[in-house]
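Take a look at the letters that make up each chain.
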Amino acid sequence: MLKYTIKRLLQSFITVLIVVTIVFLLLRMLPTDYYFTEEQLMKLTREQLDDQLRAAGLLDPPLVQLGRYYRQLARLDLGTSRRIQNSVPVTQVIGSKIYISMRLGWISLAIAVVAGVAYGVVQAMNKGGFWDHVGTAYTVFVRAVPALVSYSLILILGSRMLNLPSMYSTRDVVRSSILPVVCLSLSSVAGYMVWTRRYMVDELNKDYIRLAKLKGMSTRSVLYKHVLKNAFVPLAQYLPQSVLLVTGGSLLVERFFSVPGLGSLLTDSILRYDLNLVQALVMMYTAMGVVGLFLGDVLMVALDPRILLTEKEGTR
Amino acid sequence: MKKFSRAMAIILSLLLVVGGLTACGPKETDGGKVAGEITDWVTYQTIASEMETFNFQYSQNAKELDVLNNCFDGLTTNDPYGNLIPCIAERWETPDGGKTWTFYLRKGVPWVDYQGNKKGEVVAEDFLWGLEWVLNFAKNDAINTSMPNQLIKGAKEYYEYTKQLGEEAKNLDLTKFKEMVGIEAPDDYTLKFECIDKYPYFQTVTVYNCLYPISGEFLKEVGVDGYRAITYDKLWYNGPYTITHFVPGNEKVLTKNPLYWDKSAKLFNTVTIKMVESTDNAFQMFQNGELHAITLTEANLQTIYRDPNHKYHKNLVEARPSKYSYQIHMNFDKRLPDGKPDTNWNTAIANAAFRKSLYYGVDWTDYLRRVNAINPLKTTNLCFTSFNLVTTSDGRDYTDLVMDRIGMRPSLEKYVRYDAEKAAQLKQQAMEELTAKGVTFPVEIDYYIAGSNQTALDSATVMKNVLEGCLGTDYIKFNIKTYVSSFAQEVRNPQLQSFSISGWGADFGDPINFLGQIIIDDDNAYYATTTTNANNITDPEFKAVFKEFTRLVLEANAITDDLDKRYEAFADAEAYALENALTIPLYYNIPWQLTHMNAYSAIYCAYGGHAARYVNRETSTELYTTEQYEEFARAYEAGKGGK
Chain A
1 MLKYTIKRLL QSFITVLIVV TIVFLLLRML PTDYYFTEEQ LMKLTREQLD
51 DQLRAAGLLD PPLVQLGRYY RQLARLDLGT SRRIQNSVPV TQVIGSKIYI
101 SMRLGWISLA IAVVAGVAYG VVQAMNKGGF WDHVGTAYTV FVRAVPALVS
151 YSLILILGSR MLNLPSMYST RDVVRSSILP VVCLSLSSVA GYMVWTRRYM
201 VDELNKDYIR LAKLKGMSTR SVLYKHVLKN AFVPLAQYLP QSVLLVTGGS
251 LLVERFFSVP GLGSLLTDSI LRYDLNLVQA LVMMYTAMGV VGLFLGDVLM
301 VALDPRILLT EKEGTR
Chain B
1001 MKKFSRAMAI ILSLLLVVGG LTACGPKETD GGKVAGEITD WVTYQTIASE
1051 METFNFQYSQ NAKELDVLNN CFDGLTTNDP YGNLIPCIAE RWETPDGGKT
1101 WTFYLRKGVP WVDYQGNKKG EVVAEDFLWG LEWVLNFAKN DAINTSMPNQ
1151 LIKGAKEYYE YTKQLGEEAK NLDLTKFKEM VGIEAPDDYT LKFECIDKYP
1201 YFQTVTVYNC LYPISGEFLK EVGVDGYRAI TYDKLWYNGP YTITHFVPGN
1251 EKVLTKNPLY WDKSAKLFNT VTIKMVESTD NAFQMFQNGE LHAITLTEAN
1301 LQTIYRDPNH KYHKNLVEAR PSKYSYQIHM NFDKRLPDGK PDTNWNTAIA
1351 NAAFRKSLYY GVDWTDYLRR VNAINPLKTT NLCFTSFNLV TTSDGRDYTD
1401 LVMDRIGMRP SLEKYVRYDA EKAAQLKQQA MEELTAKGVT FPVEIDYYIA
1451 GSNQTALDSA TVMKNVLEGC LGTDYIKFNI KTYVSSFAQE VRNPQLQSFS
1501 ISGWGADFGD PINFLGQIII DDDNAYYATT TTNANNITDP EFKAVFKEFT
1551 RLVLEANAIT DDLDKRYEAF ADAEAYALEN ALTIPLYYNI PWQLTHMNAY
1601 SAIYCAYGGH AARYVNRETS TELYTTEQYE EFARAYEAGK GGK
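In order, the protein sequences belong to chains A and B.
Position one of the first sequence corresponds to residue 1 (this note's numbering), numbered consecutively onward.
Position one of the second sequence corresponds to residue 1001 (this note's numbering), numbered consecutively onward.
The hints are simulated quantities; they were obtained by calculation from the structure and are not laboratory data.
One or more of the hints may lead you astray.
[Stated by the list, open to error] Calculated pairs, PhoX-like style, for lysine-lysine (alpha carbon to alpha carbon, straight line, at most 25 Å):
no.	chain 1	residue 1	chain 2	residue 2
1	B	1170	A	43
2	B	1311	B	1107
3	B	1156	A	43
4	A	215	A	229
5	B	1118	B	1178
6	A	43	B	1163
7	A	43	B	1063
8	B	1198	A	43
9	B	1153	A	43
10	A	43	B	1464
All figures in this text were calculated on a predicted structure; none of them were measured in a lab.
My request is simple: use the sequences and hints to build the entire structure.
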């Protein structure tokens, strides 16, 4: 296991480095005028624009810039933001937003897992029955209706009928978080419902369940000790990744409710050509992705010891 | 088990359907329904307009300046009629007609921290620190240097000096700056500027942030890197408000500066600016009473306007025009995507009859409807220079002088510049002259819009219909083309557009700030060097027209001892440009809104950024009505006599 862990971590590190390098070089292939605002292009002379680019090292050959960037990374220095928050270290820019996305994301994920799995169990137990149809209708509705339409409905209902704030506010966190959390949970609840129902139905039809019932085990005991546990294993694989990825925020929900989280930071920083911030975010998201996959594998092993992550000797 | 799963199903179904029902609570915001005067104003901006810096000297965009102009006072400010009035400077004088200027500062203007605690007092040397910061390349990256470099003696040389020094320039104090630059503080309350030449409008430049103070003590406290990356809670303020809460992409709160020097100024207790995803979201918030004003989208405006029973129907009010004057700027050296000259267009646009046919031959009313769906002709703009920029000694607006010369006045009855008969003659003349020169008809007009912008596409489609409808598809063919993200990078730099529409807002109070942008042989002429490419004109006849226009502008600019004569001369030059269709004025932006604020009570000026200051604004707890606003407009016009 240790050998496997070290190998995976090393692979993850190399993956992150490759992605960051590719993004770094791609950004350097863009024309340098993107570095400036339209106002700066309007008011600065060409000479002044070049002076700025030179001072920022952006006129050096890309490989020279890359070498400098690696040295910077080795010092754990990710640089400062240029456009999102001028001259502020990117770690500070990301740090000020990450906890907001994390809080909303984790709450909505918890709701999604609990409600989705629980209702998935109910659906599986009532397969073809009324509650199963209700769950299916909900899933179809959530998946079929464009997200912005659902969000608009929730916004109107929530703000007009329930007097909830229309946008997130750091001065009224609890009340203003309700609508974004509901929107964030909406689709993932459906996801967990569908998968739980599917795996549960699969498990319920297996021979060992019939045997357990014949041996006199109670339905509740069969359900929780065997069926749910086995059905949860495939879901668990993606859980760590989900936990990490929701930390990155949701572009759509955060934009819609003006949540000052990480959701739109990457697109904003790309649009504003905030190079250091783009690079830092790409690195962060890549790391989250690969670490999430790794933790998912580990969690699966923890839940089902029959699963082996390393090859047995003599196997292929 | 069955009972258990059924109960659980009921609970979960209810949770899924009405997930938010448990979260009822009292409504926090009161909108316009609170009794009494509005003391805490709540407004909005779209998230794309979030500010990027709190460093005032580094700010160049409206998104920062609109906020920071509320936090800092400079030497002067404006009143609701655009007059320049004292601020930190109690008075000023120029003994030599504009070459040297002395400003006498008021005593006891405090610097405060964001919580309103006194940190120091504004002294004349703070203005030196401010200008040194702007001119020091290592500190401010050349931002906001254009005006001081053009106007103040030694400014450009000091900028070059700091650029040569590189990073070392960050350590400079005021010693070298005082030696090189024409600014001095003989005592704490006197500030002197020495200009490169006579600039009779220099005092109006002082509303621009390049000439604002920074406390020397504050700079010592935070250091150069500290001020570059300054945050709202570390700043020292000297204006009417401090920023007490800021969450990027969410909201910011400006709070009344308790030690503000001008005790007569009427200020809000707080101004909250909420950052919203779109104007549609803002409208939703306005309806919920979470905002005090909303600018209406065309769809919302039409919905309210067409329904006499709509609850907001009687509250529709027209905003006042912004300071921007929108023009059609033609490209006189257009290129094809392969970089070769677009000879057909370049030859056509160099022809006087062709340009004038575009100038006189288009009834823009339908296009103006895109700007103001209800009163399109009210947005008509016939001049390059914005109205309300300067007035003559007898109170006449400069644009009146220009309109006298071109013989036109805006009308609410018809689009006045459109002259079908004249246009037909010009079209025939252009076709004959240009066919002889090998131009093929229809002449293709390439007009670029952002590919993802549906509103721009709708407007461009209307423009196509208007142009082709008025001038004929045998004469022109209007092509709507798209760019991905940057007009400057993808279209303007490779010179692909036939023409573009652009709004210019003045930085200071003089017509040179407009006309100087379209003259030739001047590196500071923004439109000529970046958009119209007028310096590349090869047609000798057309080049002569531009040379004559440039001569008229420079001649007017040389008149510094008599402002009336100066403005008359500028008006001659501008009229010459318009009659030769060197630029085509199009519109002023006048949207519709629902508001609790009387815009006629606010600072209103065609230059600088003080119109954004939340000072002396009259509000009502009830939404203003159309009639009330019309009355405000009448009272405002009547009060102009005092200007």
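Quick rundown of the hints versus the structure:
1. B:1170 x A:43: 23 Å, holds
2. B:1311 x B:1107: 51 Å, violated
3. B:1156 x A:43: 15 Å, holds
4. A:215 x A:229: Holds, because 19 Å separates the two Cα atoms, which is no more than 25 Å.
5. B:1118 x B:1178: Between residue 1118 (chain B) and residue 1178 (chain B) the Cα gap is close to 28 Å, so the pair fails against 25 Å, i.e. violated.
6. A:43 x B:1163: 18 Å, holds
7. A:43 x B:1063: 16 Å, holds
8. B:1198 x A:43: 23 Å, holds
9. B:1153 x A:43: Given that 25 Å is the threshold and the Cα spacing comes to 20 Å, the pair holds.
10. A:43 x B:1464: Violated: residue 43 (chain A) and residue 1464 (chain B) sit about 31 Å apart, past 25 Å.
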